[in-house]
Amino acid sequence: MRPIAAPGERRLMAKEKERKDDRPVEKTVWRAMYRTMVKIRLFETMAGEYFAAGQIPGFIHLSIGQEGSSVGVCSCLRPDDYVATTHRGHGHMIAKGADVRRMTAELFGKATGYCKGKGGSMHIADFSIGILGANGVVAGGLPLIVGAGLSIKLRRTDQVAVVFFGDGAANRGPVHEAMNLAAIWKLPVLFVIENNQYASTTPQSYSCAIGDLCMRAAAYNMPGYGVDGNDVLAVREATRKAVADARAGEGPSLIENKTYRVRGHFEGDPQKYRDPSEVQRWQAENDPIRRFEEYLRRRGVLTAKKIRRIEEEIRAELDAAVAFAKESPFPRPEEALEDLFA
Amino acid sequence: MSDRVLTASAALAEALIEEMTRDERIFILGEDLTAHAGIFGQFKGIPERFPGRILDTPISETCIAGCGVGAALTGMRPIVDFHFSDFVTCGMDELCNQAAKIRYMFGGQVKLPLVVWCPDGAGLRAAAQHSQSLEAWFVHTPGLKVVVPSEPADVKGLMKASIRDDNPVMFFQHKRLFRREGPVPEDPEFLIPLGRAAVKREGRDVTLFTYGSGYFLCQEAAAELARGGIEAEIVDLRTLKPLDFETVAASLRKTFRAVVVHEACLTGGFGAELVARIQAELFDFLDAPVLRVAAKDVPIPFSPPLEDFVLPRAADVVAAARSVCNR
Amino acid sequence: MAIEIAVPKLGLTMEEAVLVAWKAAPGARVRQEEIVLVLETDKVTFEMPSPGEGLLHPLVAAGSRIAVGEVVGYLAVDEAELARLAAEKPAAAVRLEAAAAARPTAAAATPPAPPSGRIKASPAARAIARAHGLELAGIAGSGPGGRIVRADVLRALEQPRPAPTAPAPAAAAGGPVLTALEEIPITGVRRAIFRNMHASLSTQAQITLHTEAAAEALLRLRQKRKEAGAPVSYNALFVQAIARALRRHPRINASVEGETIRVWREIHVGVAMDFGKGLLVPKVRHADAKTLEEIEAELQRLAEAGRAGRLTLDELSLGTFTLTNLGAWGIDRFTPIVNPPESAILGVGRIEEKPVAVAGEVRIEARTTLSLTFDHRIIDGAAGAAFLQTVCRFVEEPALML
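Residue numbers (the working numbering), protein chains in the order written: chain A, 30 to 371; chain B, 1270 to 1596; chain C, 18 to 419.
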C-alpha cells in the first residue's frame, strides 16, 4: 500500500536558510517559474488597481501571496493536462499558460476576452490549454475533475487532471464524494488544497476539526502531502511525485499547500475578521516571491539586474494587455443571447 | 424497415446499444447498473456487451453528475443514470450551475454532450421521494434541454437524438411506462429531432397538449370525448425545451380550444409556461380559457387511494375538455 | 325638494358626454339605483343609476351633448312638484331641440337601449368579427355565460341578419313603383368590402397613373418556365416586380396612422382574388425576399385555401400593397381603388398585341397596361411615377429583377 498522509513531506513554514541546499539546479525551469510568479503578482496588482478605479465591473478575488502554489503545481503539468480552478483563479490561469491579454479583456468585460465578456474574473477558461474553467461555486470543480480523470482513464491517455480548491471548499460534501470516487477508480487526479487560512471571513482553525487538511487523504487511501505552499520548490517537489503517480496509473493524491491570503476575500473587503499585523507579518517574512528570489540569487540563478529586467518586461506585457482591453469593444447587447447551445 | 413491438425499456436499451456501437465515446455512469442491468432492467444486454463502458458508482449523486460534466468537457459523451429522478436534488449544482452554464459562461468555448437519464413519475406507490415529475425545474434553467418521451418509439428516437446532441439533455422517462409496448422502428438511424412535437391524434374541437405519461391519459380521454361528439386533437410535445411552438400554434389555430395535461403538480408546472405563451402569442385564436390538468399541489402520498386522488385522471381531462368546449 | 340628476365625471379626461337614452319615461317613478339614463363618452358607455327616488322630469333630450356636472333632469317628490318643475324649468334652461324632446309626450317611448357595457366574446370571436366588420352586439353567444365564441360569429356571417332598419313600408300603401327582387343584407365579406372601399375613397386623395409595358419578355419567360416544367403565373411575376420595385421605392410601401406616415420594413403584397363570395386579398408575406418559385407556390397555396374557404385571418390581414389583375376578364385598363390602410395598388389589364412605332417602323407587339392608384396625400406624383416606371421596367425586362 501507498504511504498515507506521509508526515515527512510536511515542511510547514520552513525558512529557506534552514534547508540544505542540495537540490540540483534547474536553471531554465526556475527562471521561468520565477517569471510566472512575478507575472501573476503584477497582473493581480494591476487588476486590483483598475478594480479600485472602477474600470473593472463586478467583484474580483486576488491570490496575491499564493503564487507559490499555482506556479509550483503547474510547473509539473503539460499543456494537455487539465486544471479546474476557482473564483480565485487568475494565478492558476497564468501558471497554466493563459494569455494575459484575453484575461484582462475579460476582466474589463470586453468582447475580446476569453469568454466574450460573459464570464468575468470568476469564470475564465481556456479549453485549448486544458483549463476547464474557474468555478464560482466553492468546491464546484471537484466532481468535474473526477469526470475529467475518468475521461482520461477511458481514453487511455497519460494526462493528469488537477483541481485547485481552498480550505473553505474542503468542508463541502462534494469533496468527499469526489475524493472517494477518484480513489476507488484510481483516477489520475490531483486534489490541491490551497489552505490560505480563510474561507471568506472564517478562519480555517474554526471551520475544520483538524488542522492539517492533508490528513483527509488517509480516509481515501491516497497519499497526502502537507506542503509549505509559499515555498514554490517544495510545492513543485510534492506535485512532481503526485503527477508521476497519476501518470503511472497509481491513482489520485491530495496536496495541501499551506499559504496565506494577503488580500481580503474580495477586493474592497474591510477585513474586520483579522489583525492587520498578521497580514504584515506574512508579507514581511513569508512572501513566496521574495523567498524564491533570495534563493535563486543565492544559487546564482538570477542577478538583481536580471530580476529588474524580468519585471520591466512583464510590466510592458501587462501595459499592452491593459491597452488591448481598453481599446477592445464591449460585446453587443444581443450577444447575450449567443453561445447557450452548441 | 418494419416496426416491431417493443417495450419502452427495450426501446431504450436498443437506442443505447445502437449508439454505443456507433460511437466509442459514449458510456453510462450511475448506481447499481451492472448487477441487474439497471434497477429497472432498463440496460438489458449492455453490461455484457460493453464491459467497462457501463460503470457502477458509489452512492454519490453529486459526484456522478459532476463526473458526467467533466467527462463531457474532455472528449467523452457520457450518459448519467440518476437512479430516481427525485435524486436530482443531490446533483442540482452540477446540473444547473455547471452543466447548464459552462458553455455559455465561457463564451461558447466548449461543447457539453451529456445525457442525464432520469426515471420519474408516480403510480408505483413509491411515495413522496420516489415519484416526482420534476421537468419544470430544468425547463426553468437556460442551457439545458428537456425531453419527456411517452411511447416506446419516442423513447428510442429521442434518446438517440439526445445522445447525438452536443448539449446537456435532461431525459425523463416514466417508470410506470417501462413495460408499455408499442411499435418501434428498427432503423438504426431512426432519430426524433429534439424540439419537434407530434400530432398523435387529429381532431377539430379541442387540442390536448401533453407529454410523457399525460399522453396516455389524453388518449383515453380522447376516446371518451369522441363518444360524446368532441373530436380532440392530441399534441405530444415530446421535448419541452426547445419547445415546438409552431406545432402548438398550428393545432390551436385549428381547434381554438386547449387543455394542457401533465402529471407534474399544477403550480409552476410546464402547463403554466405553455398557457402563458399561448395567451401571449395566440390570443386571437382562443375561444375559451386554456385549462390545465395536473397533479394536486401536494407531495405524492403512499397509500393507493391517496395517490390515486392526487394524480390526474383521464376523467379530469375529459371534464376539462368538455368545459372548454362548453358541452 | 326635487333631486338633481347631474352628469358624473367618468374618468380623468372626460369633459362631455352624449346622453344616449333615458331609461324611464317622463313622469315615471324611478327608484334609487335604478338605471335612469345611458351616457356615452369617447371611451365608455355608462348606465347611470338614479341618485334617488322620484318622478322623472328630463330636461335634456336623448342624443344631446352635455358637459360634466350639467343637470339633465330632476326627480320630483310628487305630482305637484313635477308640475311645478315643468313650469319652473322651462325651455329657457334647455337647448331648443332638447326642450321639445323633453316634453312629456315627445319622447314617450324610450328608444331601444343600445348595447352597453362589455360584450362577452372570446378573443377568437372578436378577431374574426373584426376581420369581417361585424358588430358583436347582435350575435347570440353560445359559450358559458352567453360568451360569443368563434362558431357564433361564423354562423352570423353565414346567415344574413335581418336588415337593421325596417324596409320601406311606403311602397305598400300607394302601389309599388319599385319592388326589390332580392334583399341582400350587407354582411360578412361584403360588409368589409363595403366599408373598406368607402373608407378608402373618403379618407385618401387617390390618383391613378397609367402606363403601357411591353409584355414580350414576360411571355417568353412564361413559355420557358412552362417548357422547363415549372410554370409560373402572370400574377407571380407581377408580385415579384412589385416587391422588388417597392424595395427601391420604400415610401410607396407605407400607411398613414393619425398624423404619421409609417413606412413599413416588411413588404407583404396582397393579390385580389375572387372566389365567388366577394373579393378577398390574401397576402404574399415578405414577397421581396421570396424567389419567383416561392411566390408562385405561395399564390397557389393561397388560391387553394381561398377556394376551400380556409384562408385565415393571418393570411388576409396586414398587407402593404395590393395587386389586382383584370387581364383575364378582357379589361384593358381601369382605376383600382387602394385597399386601406395601404397607400397604393397596381391594376393590370389584359395582354394584347398592338401596333407600336419603333424607330419609324410599325411593329406588332404584345403589350399590357399598368395602372397605379396611390394616396396623393403622402405620395407625390413624381414619386408614384418613378415607382410605376420601375415596375414597368421589371415587367419589360424580368431579367433585371432576377
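Hints listed in this document are in silico derivations from the structure and should not be mistaken for laboratory results.
Values in this document were obtained by computation on a predicted structure and should not be read as measured data.
Keep in mind that a hint or two might mislead.
[Stated by the list, open to error] Here's a subset of chain B near chain A, in silico, CB distances under 7 Å, partners left out:
| no. | residue |
| --- | --- |
| 1 | V1274 |
| 2 | T1276 |
| 3 | V1338 |
| 4 | T1343 |
| 5 | G1344 |
| 6 | C1365 |
| 7 | V1379 |
| 8 | K1380 |
| 9 | N1436 |
| 10 | D1566 |
| 11 | V1567 |
| 12 | P1568 |
Backbone N, C-alpha and C fix where the C-beta goes; we use that ideal spot for every residue, glycine too.
Checklist entry - Okay, which hints does this one fail, numbers in order? => result 1, 2, 6, 10, 11, 12
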